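Model the full structure from these sequences, guided by the hints.
Chains P and Z, in that order, are what the protein sequence lines are.
Residues in the first sequence are numbered from 1 upward in steps of one, following the UniProt record's numbering.
Residues in the second sequence are numbered from 1 upward in steps of one, following the UniProt record's numbering.
Just so you know, the hints here were simulated from the structure itself, not pulled from any lab data.
Model, not experiment: these values are computed from the prediction.
Please note that a few of the clues may not be correct.
Stated by the list, open to error - No farther apart than 30 Å at their CA atoms in a straight line, the calculated lysine-lysine pairs in the DSS-like style are these: (1) P:659 x Z:240; (2) Z:240 x Z:184; (3) P:89 x P:154; (4) P:89 x P:620; (5) P:659 x Z:62; (6) P:659 x Z:95; (7) P:620 x P:595; (8) P:145 x P:623; (9) P:230 x P:553.
Claimed, not checked - A few chain Z residues that face chain P, going by a derived Cβ cut-off under 8 Å, partial list only: (10) 8; (11) 11; (12) 16; (13) 149; (14) 154; (15) 241.
We put the beta carbon where it would ideally sit given N, CA and C, even for glycine.
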Amino acid sequence: MTGRGPGTIIGFPHKRTSIFFLSCVSASISGDTGVIHVLESEADLEWPLSKGPNPPYMVLLESSLFTKSIMMKMKNASSRVAGVVVVPKTSPPEFSPHTTCPNENTGVYTETYDHNLAHCNTTVWNPRGNGLSYEEFDFPVFSLKEDNETEVIKQCYFDHNRVVNGSGLQYPLCAMQLFSHMHAVTDTATCMRRSSMDFSTSPVMVCDPLGGYNVCAFIRPYNSTAFGHKENESVVIAAARLDSKAFFLEDSTGAEGSVSGFVTLLAAAQALCEATQEAPRTRNILFAFFHGEVFDYIGSSRMVYDMKNNMFVIDLDNVHSILEIGQVAVRSGTNLFLHSDPVSRRNNTVHDEVTNLVKNLQSSTAGLNFSFVETDFSQPLPPSSFQRFLRARAIPGIVLADHQTDFNNRYYESFYDNAAHLNLTYPSNLSPEEQLEFVTDTAKSLTEVATAVARTLFKQAGGNNSQVNKINADPKTVTQMLYGFLVRSNNSWFQVLGSSLRCVFCLSEPNPPQYYVGVAKSSHQANALTYLVQYLLANLTGTATNLTQSQCKKPDELPNESTYLYSYLWVQGMVPPNSTQRESFCVRTAVRLVKAVSPAFDLGDYVSKEYSTWTKSQWKFIKARIFLVASRDLEMLTLGVGVAVLFTSLLVTYFVSTKADVLFSSVREPNNAAY
Amino acid sequence: MTASVFFGCTFIAFGPAIALFLFTIARDPLRVIFLIAGAFFWLCSLLLSSLVWFITVQISNKESSSQQKGLLIFGVVLSVLLQETCRFGYYKLLKKANEGLLMLSAEETMPISIRQLAYVSGLGFGFMSGAFSMVNILADSVGPGTIGIHGDSQHYFLSSAFMTMAIILLHMFWGVVFFDSCEKQHWWSLAVVVISHLLVSCLTFQNPQYVGSLVPTYIIVFLVGLWAFFCSGGSLRNLKLCLTCKDKDFLLANHRPR
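In structure tokens form, the structure reads like this:
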């Protein structure tokens with residue numbers, strides 16, 4: 001069965017509740033069995049919850065019925081519900097299983113920073129959020145793709161379980177069993193303590209911290225072994241978020257939530273690097289793609305922590321300003337909005353810098369089809385990585401977004417936030433390769449945003465104003481990236497730019513990569529999304545060299561190359577028309593992967609209120625099966641008959657054996673009468 | 001299905017056998033040994049017949065279902081014949097062993113009579129045959145589901161348990177009749193035993209019409225049981241005496257030195 005179950009994720013102590021969980025927790029170790037019931041409408045819920053005579057039920061519902069009210073009704077009747085299976089079909093008009101105020105405790109707006117702005121008092125960013133991802137369920141919740149096996153399940157239900165005119169159901173009934181036992185319990189502190197108490201040579205971990213790698217690239221790279229403050233260096237950080245999540249973690253798509261942002265930044269990086277080959281600038285630019293931001297800013301909190309503790313190549317004093325690209329693809333007009341932090345702007349220097357940045361941004365849209373508008377001064381920042389930097393220091397910065405107050409994204413952090421949500425439509429008669437090249441309207445609008453961002457960064461970094469209009473993002477790159485990240489990853493462009501060595505990056509499946517940050521592995525393996533972004537950024541901003549493969553692995557031996565400043569990646573390359581071998585080459589790039597695991601795990605503080613403490617439970621296997629179940633009466637009858645047979649035979653045998661002399665005595669054998 | 005079905009089917013299938021073992025065999029170590037030896041002989045016959053089965057299946061055409069069905073019938077018939085052959089072999093062995101035991105023992109009489117050996121060996125055959133028939137089915141019955149998702153009858157577990165009980169009882173009765181016939185050189189009754197064994201095995205080809213196979217089988221159990229009862233020294237008079245509780249008077253009146 002191609003089903004997926006969510007992994008339990010357990011978090012840190014929350015202010016209002018002492019612990020909180022994500023999705024299912026207490027699934028039984030021997031599986032949960034229930035009679036299948038296909039839910040047809042909300043009124044039909046009466047049957048499994050109260051009227052049905054054969055609890056517990058395994059409820060199968062389509063995505064349009066996967067709402068908070070139905071799930072909460074089933075949660076309240078947990079004794080009668082053995083599990084829920086969701087079959088994703090059409091998108092509802094809006095659905096967001098995230099909370100209404102994302103990351104409210106780890107952003108900058110705490111009670112001490114500004115009482116009025118904390119806990120989304122002024123602006124509720126995600127008003128459609130129903131918090132379903134953060135509910136604790138006593139039964140497993142699975143998602144099954146709509147294919148032949150789902151049809152088999154529905155057919156079994158229609159054959160055996162369908163109620164006709166209120167008449168009684170005939171046993172045997174069709175039932176389903178779900179296995180998704182999660183090893184971890186309670187909260188992060190408990191499960192990490194349990195894992196650490198195992199002193200055997202191969203300790204059994206029951207939960208793993210979430211994390212991954214941030215992708216970072218300086219325009220002018222520094223020596224990567226020299227950490228700490230750099231004298232006279234001023235850096236502008238251009239940031240975007242990589243990850244997103246959904247109720248079913250492996251189904252996360254994050255088109256508007258994360259892809260729109262980082263694709264724009266990648267295109268801006270390409271535009272800027274093409275233009276800045278010649279002129280050195282006063283300030284350096286850092287392109288930072290943070291991972292794990294959905295789970296309380298894992299990536300950005302790590303970078304700030306590293307900067308504060310001299311574990312990164314620059315520190316917070318070197319940071320001049322920050323420009324972050326948030327959700328930018330779903331516009332409600334022609335404007336994009338510039339969000340800034342009102343509290344830090346009370347300081348005049350910060351205010352002046354922010355005003356300067358806004359001026360640069362607004363002048364960059366000359367000749368483009370949109371404009372930047374500042375939001376209301378009293379409104380706080382939306383959830384963004386920039387907030388973590390502000391928590392450490394009052395740095396001037398702006399967050400770009402397509403929403404003025406609350407999100408335009410109706411499917412924030414849900415599995416409906418996909419290509420269709422961004423209106424990525426291709427004419428039907430195109431082959432996959434032609435679709436890759438087709439420039440959609442979404443791509444065109446994101447290209448313009450990328451152009452504006454690139455020009456702004458150029459001006460922020462002190463570039464010559466006369467050169468600015470030569471900076472333009474490439475719409476072909478943008479549309480190819482959107483296609484690769486949202487429709488099909490296994491396309492020729494990604495294969496050309498990709499690595500042949502990393503098997504996790506083999507992209508054998510055509511589906512888009514998983515946007516969920518995943519577990520921080522102890523080996524130096526990142527997930528597919530990280531490698532894709534790394535190799536894309538390397539190809540778009542680096543230079544191709546003539547090095548051979550062995551030289552690419554050890555470039556220090558060559559006079560002009562240095563692994564302190566650059567990293568060297570072996571790229572697959574194209575297949576020339578007359579041969580079958582790929583022409584691979586070595587790219588010299590300033591892109592680096594920086595570890596992004598929450599500082600709480602390094603500090604051993606599993607109840608930290610400062611940093612993210614999200615962990616993911618381990619599990620053995622996830623599977624489901626269907627079969628028929630017999631009525632309880634038949635089972636009891638079998639047992640009764642068995643016991644009766646046993647007693648009867650004991651009695652009869654006792655009787656016969658005591659009377660054996662008499663019963664078997666008619667044939668007298670004179671010599672041997674021993675019995 | 002669940003634990004209740006597991007225990008129910010176990011008790012149905014092995015109830016009589018357990019009762020017989022507890023009350024008649026468990027106290028006498030010699031009987032236990034001969035029981036186990038009997039089980040072992042049945043196992044030998046199974047090994048031989050499964051070897052032949054395995055080879056013929058490998059060289060046959062796996063696609064043709066009629067050939068596979070024919071092969072199944074052939075396998076069943078061969079297995080029955082091999083079981084009876086092993087029973088005969090066991091009989092011969094026991095005869096030889098009895099003479100040896102008599103020579104070794106200090107007493108004048110044999111510690112165990114041929115009739116008791118017949119009963120014990122039959123029960124041994126029955127135990128082993130029942131185990132091989134039933135254990136896999138019992139293991140599957142512990143799970144939460146039951147048969148039927150592909151349209152089969154859900155009474156599979158119950159009918160297998162009843163069939164196994166019948167087979168165990170039958171093996172015991174056949175043992176008694178077989179040894180008795182061999183003692184008295186009544187070869188025709190030996191043939192009847194073999195034929196009834198073949199008949200019962202071939203009745204199972206009627207499954208999944210469980211009624212069609214179980215009812216005739218139980219009729220045969222009853223008939224062979226009666227026959228074994230008469231062979232081993234029972235009579236209607238004795239039965240009536242026991243049932244009306246006049247047996248004590250009978251014993252006192254007909255007391256013989258043992």
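Answer holds if the nearest beta-carbon of chain P is closer than 8 Å to that of residue 149 of chain Z; otherwise answer violated.
-> holds (5 Å)
CA of residue 89 of chain P to CA of residue 620 of chain P, is that 30 Å or under?
-> Distance of about 29 Å is within 30 Å: holds.
Given the hinted pair residue 89 of chain P and residue 154 of chain P, is their alpha-carbon gap at most 30 Å?
-> Holds, at about 15 Å.
Quick one, are residue 145 of chain P and residue 623 of chain P close enough, alpha carbons at most 30 Å?
-> holds (14 Å)
With 8 Å as the cut and Cβ atoms as the points, is residue 16 of chain Z at the interface with chain P?
-> With a closest approach of 4 Å, the residue 16 of chain Z hint holds.
Going by Cβ atoms only, is residue 241 of chain Z closer than 8 Å to chain P?
-> With a closest approach of 6 Å, the residue 241 of chain Z hint holds.
Does the structure keep residue 659 of chain P and residue 62 of chain Z at a Cα separation of 30 Å or less?
-> Violated, at about 55 Å.
Straight-line alpha-carbon gap residue 240 of chain Z to residue 184 of chain Z, limit 30 Å = holds (27 Å)
Have a go at the residue 8 of chain Z hint: is there a Cβ in chain P nearer than 8 Å to its own Cβ?
-> Holds: closest Cβ of chain P sits about 4 Å from residue 8 of chain Z, inside 8 Å.
Return the status of the interface hint for residue 154 of chain Z: holds when the least beta-carbon distance to chain P is below 8 Å, violated otherwise.
-> holds (5 Å)
Taking only the CA atoms, is the gap from residue 659 of chain P to residue 95 of chain Z under or equal to 30 Å?
-> holds (28 Å)
Have a go at the residue 11 of chain Z hint: is there a Cβ in chain P nearer than 8 Å to its own Cβ?
-> holds (3 Å)
This entry does not satisfy hint 5, going by the numbered hints stated previously; all others are met.
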